[in-house]
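Q: Chain by chain, the residues:
2 protein chains.
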Amino acid sequence: MHLIIDGYGSNSEIMQDEDFIYQLLDSYPSRIGMAKISAPFVLRYTGSKIEEWGISGFIFIAESHISIHTFAERSYVNIDVFSCRDFDAEQATKYFKDKFQLTRLKNRLITRDWKTTDLAEANEVPQLHLV
Amino acid sequence: MHLIIDGYGSNSEIMQDEDFIYQLLDSYPSRIGMAKISAPFVLRYTGSKIEEWGISGFIFIAESHISIHTFAERSYVNIDVFSCRDFDAEQATKYFKDKFQLTRLKNRLITRDWKTTDLAEANEVPQLHLV
Chain A
0 MHLIIDGYGS NSEIMQDEDF IYQLLDSYPS RIGMAKISAP FVLRYTGSKI
50 EEWGISGFIF IAESHISIHT FAERSYVNID VFSCRDFDAE QATKYFKDKF
100 QLTRLKNRLI TRDWKTTDLA EANEVPQLHL V
Chain B
0 MHLIIDGYGS NSEIMQDEDF IYQLLDSYPS RIGMAKISAP FVLRYTGSKI
50 EEWGISGFIF IAESHISIHT FAERSYVNID VFSCRDFDAE QATKYFKDKF
100 QLTRLKNRLI TRDWKTTDLA EANEVPQLHL V
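In the order they appear, the protein sequences are chains A and B. Residues in the first sequence are numbered from 0 upward in steps of one, following numbering that gives the first Met the number 0. Residues in the second sequence are numbered from 0 upward in steps of one, following numbering that gives the first Met the number 0.
Just chain A, with the same shape it has in the complex (with noise of 0.2 angstroms):
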């Protein structure tokens, strides 16, 4: 399961605020029950466009990851559960929406890890699917 959330909040410093995203991605996993296999890895990233300025923070779980970028500036946050388990994809969304206290927000679960009889033959690139 892999589930992508792209909001907008209103609160610009929560996306600013390094330890925050820190303590939410090293205290998440255990909320689902995924098992954390890295420390997270937040960095700030300051470049030469002002609109791209956030904070983007990483962590691996068991054979999968959560993300999450930020940017300040637009108050506009990505983040992405991924998980080879399953897991609440509705009560992850309203976790996230809440912490970040985004006032709009879409949110998207993407099937993956398909059986191999499912996929394309790759002799050729397959036509990309657009979602």
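Calculated directly from the structure, the hints in this document are not laboratory data. Worth double-checking, as some hints may not be accurate.
[To be verified] The list that follows gives simulated cross-link-like pairs (lysine-lysine, PhoX-like), each with its CA atoms no further than 20 angstroms apart:
#1 A:LYS114 to B:LYS48
#2 B:LYS114 to A:LYS48
#3 B:LYS35 to A:LYS48
Model the placement of chain B on the given structure of chain A, informed by the hints.
A: Chain B alone, transformed into the frame defined by chain A:
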């Protein structure tokens, strides 16, 4: 743009090669004009279930990331190339298909970073879109 690739190959040795995955993550961003903002993080996972064993790798690029998780026992790999800048998703698919010698794969391109006005107001958790 968020390209997701799920694929199966017949060369499980590649899927167990930490150095190969480190080099891939280290060298790939510059091929598509992305700026690395960290070194690659790569680790080997050997949990209780052998079908979950594999290599997980990750690199931060400017406000986004590339991740790779292999499951060597099943010769399965999933790859995410997530960038706030455009890149050629078909070329990227071909690149990873060749590198991992994938014989079956599925590739999808997910739109992220919506405009605020395109998103539902989140008084409640919006209905989950299954993809």
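Q: Compare the structure with each hint and give your call.
A: The hints, checked one at a time:
no.	hint	in the structure
1	A:LYS114 to B:LYS48	18 angstroms, holds
2	B:LYS114 to A:LYS48	18 angstroms, holds
3	B:LYS35 to A:LYS48	15 angstroms, holds
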